[in-house]
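With the hints as a guide, bring both chains together as one complex.
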Amino acid sequence: MEITNYLGLAAILFAIGATTVLLRRNAIVVFMGVELMLNATNLAFVTFARIHGDVTGQVLAFFVMVVAAAEVVVGLAIIITIFRSRRSASVDDVNLLNS
Amino acid sequence: MTASGAEAALFWVLAPLMVLAALGLLFARKAVHAAVCVMFVMVGLAILYVAQEAPFLGVVQVVVYTGAVMMLFLFVLMLVGVDAADSLTETIKGQRWVGVLLGLGLVVVLLGVIAQATFPPAVGLAEANAVTNPVALARVLLGDYVLAMEVVGVLLVTAALAGLVLTHRRRLSVRPTQRVLAAARVAALPQGRTLTPLPAPGVYAQNNAMDTPALGPDGEPLPHSVPRVLRIRGQERSATAVLAEEETLVARDDLRLIGVGPTSGEAVPAPVGLVETTSGASPGSTTGGTGTTGEDEDGGVR
Numbered sequence: 001m002e003i004t005n006y007l008g009l010a011a012i013l014f015a016i017g018a019t020t021v022l023l024r025r026n027a028i029v030v031f032m033g034v035e036l037m038l039n040a041t042n043l044a045f046v047t048f049a050r051i052h053g054d055v056t057g058q059v060l061a062f063f064v065m066v067v068a069a070a071e072v073v074v075g076l077a078i079i080i081t082i083f084r085s086r087r088s089a090s091v092d093d094v095n096l097l098n099s
Numbered sequence: 001m002t003a004s005g006a007e008a009a010l011f012w013v014l015a016p017l018m019v020l021a022a023l024g025l026l027f028a029r030k031a032v033h034a035a036v037c038v039m040f041v042m043v044g045l046a047i048l049y050v051a052q053e054a055p056f057l058g059v060v061q062v063v064v065y066t067g068a069v070m071m072l073f074l075f076v077l078m079l080v081g082v083d084a085a086d087s088l089t090e091t092i093k094g095q096r097w098v099g100v101l102l103g104l105g106l107v108v109v110l111l112g113v114i115a116q117a118t119f120p121p122a123v124g125l126a127e128a129n130a131v132t133n134p135v136a137l138a139r140v141l142l143g144d145y146v147l148a149m150e151v152v153g154v155l156l157v158t159a160a161l162a163g164l165v166l167t168h169r170r171r172l173s174v175r176p177t178q179r180v181l182a183a184a185r186v187a188a189l190p191q192g193r194t195l196t197p198l199p200a201p202g203v204y205a206q207n208n209a210m211d212t213p214a215l216g217p218d219g220e221p222l223p224h225s226v227p228r229v230l231r232i233r234g235q236e237r238s239a240t241a242v243l244a245e246e247e248t249l250v251a252r253d254d255l256r257l258i259g260v261g262p263t264s265g266e267a268v269p270a271p272v273g274l275v276e277t278t279s280g281a282s283p284g285s286t287t288g289g290t291g292t293t294g295e296d297e298d299g300g301v302r
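From first to last, the protein sequence lines are chains A and B.
For the first sequence, position 9 (counting from the first letter as 1) is numbered 9 according to my numbering, and the numbering increases by one without interruption.
For the second sequence, position 272 (counting from the first letter as 1) is numbered 272 according to my numbering, and the numbering increases by one without interruption.
Bound conformation, chain B alone (with noise of 0.2 Å):
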């Protein structure tokens, strides 16, 4: 029996497809996108089930892989560490090459078997599946595989109870209540800790973000306002940078300004104040925070 011509158009589309997902697994930098390439394997497979007259399977597949075990493989690499990169060098001498060949060796070695094997005349499964799939394997499973289908009910527990132990943590030490935390806090303030919350992040006239620090009443910035994740990547800015920027936005505003003011002569005085209030905005920032309180109304007083 040969498949028709529906589906032969399916496989075809499908199969080289799998196979590139698949082979993305195995190139992948990147733990993720070889997760995401799983998934789309195990759709493919879900979809030929079904086409191979496989419903409940192809249902099952759908629920059981991508939706339970990709997502679990998912969380894990979360709580591992997404960007955890392989190592490129050997332990083993010349293992990729004997990986690659014994690869190529278990291809070359299943499709010769496949290829000469004679399989007997397909029947399909029209008769088998006359009382609707589910029933049928319903009748199968319940019928001849009932100690099986509970020794599996007894290792899905037996998995779940290996799940909590070894992820479970026995706590060594006595949990911190709320009086022990801080007197921890006050018993560090030598050390250098702070009470009080950290300070936020700058606000400047042309920039608001998480990654320009604040700037102290003394003018200098604080580099723990800026996200601690921020600052170990080195993604962080510096408040000169930012200043230097709105500098030279306010130098050009002002020459802008100067420029026009000799054509209209009304528009002479409006500007000046305009020039005075955008500069006094930004360095306002260093130069205004000296003298008077950290509460300045400019954000970069922090």
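Chain A on its own, in the form it takes in the complex (with noise of 0.2 Å):
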């Protein structure tokens, strides 16, 4: 088995997940679809340091890790602020500024 298989995997995840942020309504799934393309830039990540014989490709993966969770405390947070003020946690009702 050739490593570029792992390339594969990472490209059908991160299409996945893609499709997910532009199909699904729910917010919260629309989240998690983004944490699943930022797992998938990783694992690519992951694949390349091992090409390349250089720990550096796990590093930036640790940082996309970091800056993740942080991501998601932010976001989660501002979903449930959404939810407190309009009873609703779908992104098409998030439309105030639409005339």
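Simulated from the structure, these hints should not be mistaken for laboratory data.
Possibly wrong hints are sitting among the right ones.
Listed next, the stretches of chain B that the computed footprint assigns to chain A, with coverage defined by at least 3 CB atoms under 8 Å from CB atoms of chain A [what the hints assert, rightly or not]: (1) 15-26; (2) 57-69; (3) 96-109; (4) 123-130; (5) 177-189; (6) 216-229.
Which residues of chain B face chain A? A partial, calculated answer using Cβ under 8 Å [to be verified]: (7) 3; (8) 8; (9) 54; (10) 79; (11) 119; (12) 120; (13) 141.
Computed, partial: chain B to chain A, Cβ under 8 Å [unchecked claim]: (14) 2; (15) 78; (16) 203.
Backbone N, C-alpha and C fix where the C-beta goes; we use that ideal spot for every residue, glycine too.
Quick look at the structure:
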């Protein structure tokens, strides 16, 4: 098996995450799609680290994880705030700025 | 460099399962199912990291993603409401087909790029990991990326503060004290509030559950003896249905006992008493409760 198969898996997972972001209406599920995309890039980073024999790729994946954790905290807090004021977690209902 | 046979087997077992779970995120109706699917993908990724000579990242993946991030997602799902389903009305016309098309296009483009690209011969991490993987990572992280590391620390503190600020609720009125609450209860008496605790659900001869209402001293069922949530969901049973069920049971017992009666001579008096006690126990809550007080031993009268 070629190591580049891992990159194919990462590409498929990334595309599924992106499709989730495009198609789903529930803000939390959309957010999970973003997480899936970040994880897919991490897999690509780890695979490239192995191909090049350099752990820098793993360090970058580590940074992605930290930033994703921070992003989840802020994003979920925003979702909860919107849910409190509008009683809905659907991205379609947040259209206050829409005339 | 190609992967070993064991690694290939691991990959070909895990990768299709992970893709299926990721599709579960895309198609699951309930958000909780989607969250469980994503958790599966993340644990699978952790296993693949360990297989790819990145044990430290594998552990961090399990701890940070499945342990913290997805648990946070589940907590927020609990707050927002577990059965908040997607609305199926399209606000943008044709969005679904455009989305599917873009997703498929992305897969084709990415896989095409990966297939076309020429990768250098894979080196492997045996040399870089000679000092064990965490040590090698730490040398790069605290050597070349010290500044980024510190900036990330600032980012984490900012995010924690943002989480606190965004979910903080400013109190708009004075916090009510016990005395104020008590006064409000008494003042609400004319509107039908009761001072005492709400009555407990009914207990019948054959039925003792939260969904059956108790009977008042006048024999009428008390609707507020059933928890409010059950009433809103319409999962409440009516007292008459429960009582009717028990009546049929008693009637069947009567028939059976009458059938037994003639065969054994001395068995006749005993069943009569039995019938009387059972029949007295269940409809007693309707009839017995009316004349006497509310403190009947019969659980139905509350």
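The hints, checked one at a time:
1. By the rule of at least three residues with a Cβ nearer than 8 Å to a Cβ of chain A, the coverage given for the stretch 15-26 of chain B holds, with 7 such residues.
2. With 7 residues having a beta carbon nearer than 8 Å to a beta carbon of chain A, the stretch 57-69 of chain B meets the requirement of three or more and the stated coverage holds.
3. Look at the stretch 96-109 of chain B against chain A: 9 of its residues bring a Cβ nearer than 8 Å to a Cβ of that chain, three or more, so the hint holds.
4. Proximity of the stretch 123-130 of chain B to chain A, defined as three or more residues with a beta carbon under 8 Å from a beta carbon of that chain, is established by the 6 residues found.
5. Residues of the stretch 177-189 of chain B lying with their CB closer than 8 Å to a CB of chain A number 0, which falls below the three-residue condition for coverage.
6. Taking a C-beta to C-beta cut-off of 8 Å, the stretch 216-229 of chain B contributes 0 residues in contact with chain A, too few for the three needed, and the coverage statement is violated.
7. Using the Cβ-Cβ criterion of 8 Å, the hint placing residue 3 of chain B at the interface with chain A is satisfied: the shortest such distance is roughly 5 Å.
8. Hint status for residue 8 of chain B relative to chain A: holds, with the closest Cβ pair at about 4 Å, below 8 Å.
9. The beta carbon of residue 54 of chain B comes within 5 Å of a beta carbon in chain A, closer than 8 Å, and the hint placing it at the interface holds.
10. Checking residue 79 of chain B against chain A by beta carbon gives a least distance of about 6 Å; that is within 8 Å, so the hint holds.
11. Proximity of residue 119 of chain B to chain A holds as hinted, the smallest CB-CB distance being about 6 Å (cut-off 8 Å).
12. With a least beta-carbon distance of about 7 Å to chain A, the hint placing residue 120 of chain B at the interface is held under the 8 Å criterion.
13. Taking 8 Å as the C-beta contact cut-off toward chain A, the hint placing residue 141 of chain B at the interface holds, the least distance being around 5 Å.
14. Of the supplied interface hints, the one on residue 2 of chain B holds, with its beta-carbon coming within about 6 Å of a beta-carbon of chain A, less than 8 Å.
15. Evaluation of the residue 78 of chain B hint against chain A yields a violated restraint, the C-beta minimum of about 11 Å exceeding 8 Å.
16. The interface hint given for residue 203 of chain B is violated, since its Cβ lies 37 Å from the closest Cβ of chain A, which is over the 8 Å cut-off.
In this structure, the earlier hints numbered 5, 6, 15, 16 are contradicted, and the remaining ones agree with it.
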